[in-house]
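As given, the protein sequences belong to chains S and W, one line each in that order. Heads up: the first sequence begins at 22 in the numbering used here, then just goes up one per residue. Heads up: the second sequence begins at 234 in the numbering used here, then just goes up one per residue.
None of these hints come from the bench; they were simulated from the model. All C-beta atoms in this analysis are idealised placements derived from N, C-alpha and C, irrespective of residue type, glycine included. Among the hints, erroneous ones may be present.
Partner residues are not named here, just some residues of chain S that face chain W (Cβ under 8 Å, in silico) [unchecked claim]:
id, residue
1, Ala29
2, Gly30
3, Val31
4, Ser53
5, Leu71
6, Ser75
7, Ala81
8, Gly85
9, Ala96
10, Ser97
Restraint-style ranges between C-beta atoms, simulated for each label pair [claimed, not checked]:
id, chain 1, residue 1, chain 2, residue 2, range
11, W, Thr472, S, Pro65, 16 to 26 Å
12, W, Tyr424, S, Ala40, 47 to 57 Å
13, W, Arg287, S, Trp146, 52 to 62 Å
14, S, Leu118, W, Pro489, 32 to 42 Å
15, W, Lys427, S, Gln133, 50 to 60 Å
16, S, Pro47, W, Ser414, 19 to 29 Å
17, W, Pro400, S, Gln133, 40 to 50 Å
Residues of chain S clear of chain W, computed beta-carbon distances all greater than 10 Å [said to hold, decoys possible]:
id, residue
18, Arg92
19, Leu111
20, Ala124
21, Glu140
22, Arg160
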Amino acid sequence: MLLTGLLAGVELGLNRVLAMDSTALPRLASLSGRVIAVECIAPPVQLFILPSASGLQLAAQWAGDADCHLRAPAASLLRLATSKDKTSILHSPEVSLDGDSAALLALAGILQDLELDWEYELARWLGPVGSQLLSGHLRSRVSWTSQTLDSLRLNLADYLSEESRSLVGQREADARFAELDQLKLSLDRLDARIERLAQRHKPTA
Amino acid sequence: MNDPRNSNDSEPTTHFGFQSVPESQKAEKVAEVFHSVAAKYDLMNDVLSGGMHRLWKRFTIELSGVRAGKRVLDIAGGTGDLTRKFSSLVGPTGEVVLADINESMLRVGRDRLLDKGVAGNVKFVQADAEKLPFPDNHFDVVTIAFGLRNVTHKEDAIRSMLRVLKPGGRLLILEFSKPSSPLLSKFYDAYSFKFMPLAGKLITNDAESYRYLAESIRMHPDQNTLKAMMVEAGFERVTYHNMTGGIVALHRGIKP
């Protein structure tokens with residue numbers, strides 16, 4: 022009952038988020054009637070996802086058959102949820118997928134393509150003027166923070182490589198790596214040459 | 234066990250809460266209760282169960298295993314909590330019938346579902362659970378949530394549900410039951426007979442209806458008795474799941 026309550030809360034929040042994207046619910050409608058079972062091997066937890074035009078329904082158990090059954094450890098499920106290249110993760114040996122994988126990939130695609138209209142949701146609570154003021158302020162803060170972090174990163178890199186000489190600079194490192202590559206190539210050539218000379222001078226039986 | 238309906242002397246009686254009333258009067262008295270509480274039924278459910286009724290109903294949906302295109306009957310569907318979920322699960326190719334004997338509850342349920350945009354695959358039928366007006370072998374799933382204890386002849390209602398189910402179809406009965414722990418039972422008694430009528434008085438100005446609710450729960454068959462009744466009626470693979478310490482139980486049976 023605890024898991025059921027937890028899933029009910031997650032479902033409510035998830036469906037509110039899905040409603041903020043104008044295309045998510047119509048796309049989910051095409052998956053209506055499908056049952057996707059996700060089984061986490063370690064820790065052992067099973068979850069059923071039922072998409073419909075009104076959002077996602079999450080269930081701790083489902084008495085019917087699932088169209089698609091995904092089994093994987095928690096780490097792989099997390100990578101699957103966050104990675105763009107899902108195919109390579111699905112082909113890894115610890116992941117098993119039975120049934121209609123298209124339903125799972127379509128659902129993952131919908132969740133990954135979410136573009137949430139936060140300003141619309143804010144406007145519902147604060148009104149158009151309040152939401153405009155708040156979102157304008159938030160945007161400028163986000164932009165300032167991003168610029169400050171970029172600047173800090175560049176300054177730190179410059180200080181460590183150029184002033185304190187604690188680290189090697191990027192260009193200097195690239196030049197050294199190129200020299201190392203050249204050296205490795207020369208060594209390979211020398212090795213091949215010695216091998217060839219050794220073959221030539223080997224006494225015939 | 235003596236069946237009161239076999240008595241020849243006078244009209245057989247049945248229980249209405251802790252009172253004994255003639256069988257012909259029970260449906261009318263239950264109807265009065267639900268006419269009185271219909272308008273604030275959902276609010277009272279949330280207040281009295283602390284929102285737990287939503288989780289009990291969720292679990293019922295999970296055990297139904299309903300798929301797209303299936304036909305579902307939600308008896309005593311009241312304000313349509315289960316019907317709404319079933320409507321989304323069966324999709325446009327399926328059908329959900331919300332049946333309730335009480336006109337007020339049915340009207341509140343219909344208005345509420347229409348307000349939430351649930352339409353197209355839902356039908357509303359005023360029907361008595363003992364004499365369901367549907368053909369034999371018609372539904373894939375039949376549910377009755379918090380309704381069976383108000384039915385006068387429970388055995389007849391269960392047989393009627395069996396008749397309308399398709400072979401392989403499942404019946405789900407969600408109902409108050411007997412708490413498994415004596416300590417919980419004592420707390421639950423105090424809660425039911427003191428807090429519930431008081432909350433009814435404060436919110437709906439009707440303490441009597443909620444006193445009946447508490448009494449009718451005590452008069453309802455416990456888990457094993459209800460299971461035996463389902464087996465007796467002809468259901469197979471009958472199981473029950475206790476929820477919240479047995480305060481509520483979900484019985485499931487399959488039509489052979």
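A closest beta-carbon separation below 8 Å is what the hint needs, so does S:Ser75 meet it against chain W?
6 Å, holds
Per the hint of 32 to 42 Å, is the separation of the Cβ atoms of S:Leu118 and W:Pro489 within bounds?
Roughly 36 Å apart at Cβ, these two residues keep to the hinted range, so it holds.
Check on S:Glu140 being off the interface with chain W, judged by Cβ distance over 10 Å:
25 Å, holds
Is the interface hint satisfied for S:Ala29? The criterion is a beta-carbon contact with chain W at less than 8 Å.
This interface hint holds because 6 Å falls under the 8 Å limit.
When the least beta-carbon distance from S:Ala81 to chain W is tested against 8 Å, hint result
Result: holds, 7 Å to nearest chain W Cβ.
Verdict on S:Arg160 as a residue remote from chain W, using beta-carbon distances over 10 Å
Non-interface label on S:Arg160 holds, nearest chain W Cβ at 34 Å vs cutoff 10 Å.
Between W:Arg287 and S:Trp146, does the beta-carbon spacing fit 52 to 62 Å?
With a Cβ separation near 25 Å, W:Arg287 and S:Trp146 fall outside 52 to 62 Å, so the hint is violated.
Interface exclusion of S:Ala124 relative to chain W, criterion Cβ beyond 10 Å:
Holds, because the least Cβ-Cβ distance between S:Ala124 and chain W comes to about 13 Å, which exceeds 10 Å.
Does the claim that S:Leu111 lies off the interface hold, with its Cβ farther than 10 Å from every Cβ of chain W?
25 Å, holds
Just to be careful: measuring from the Cβ of S:Leu71 to every Cβ in chain W, is the smallest value less than 8 Å?
With a minimum Cβ separation of about 7 Å from chain W (threshold 8 Å), the hint on S:Leu71 holds.
When the nearest CB of chain W is found for S:Ser53, is that gap smaller than 8 Å?
5 Å, holds
Using the Cβ atoms, figure out if S:Pro47 sits within 19 to 29 Å of W:Ser414.
49 Å, violated
Comparing the model with each numbered hint stated earlier shows that hints 2, 3, 9, 10, 12, 13 and 16 do not hold.
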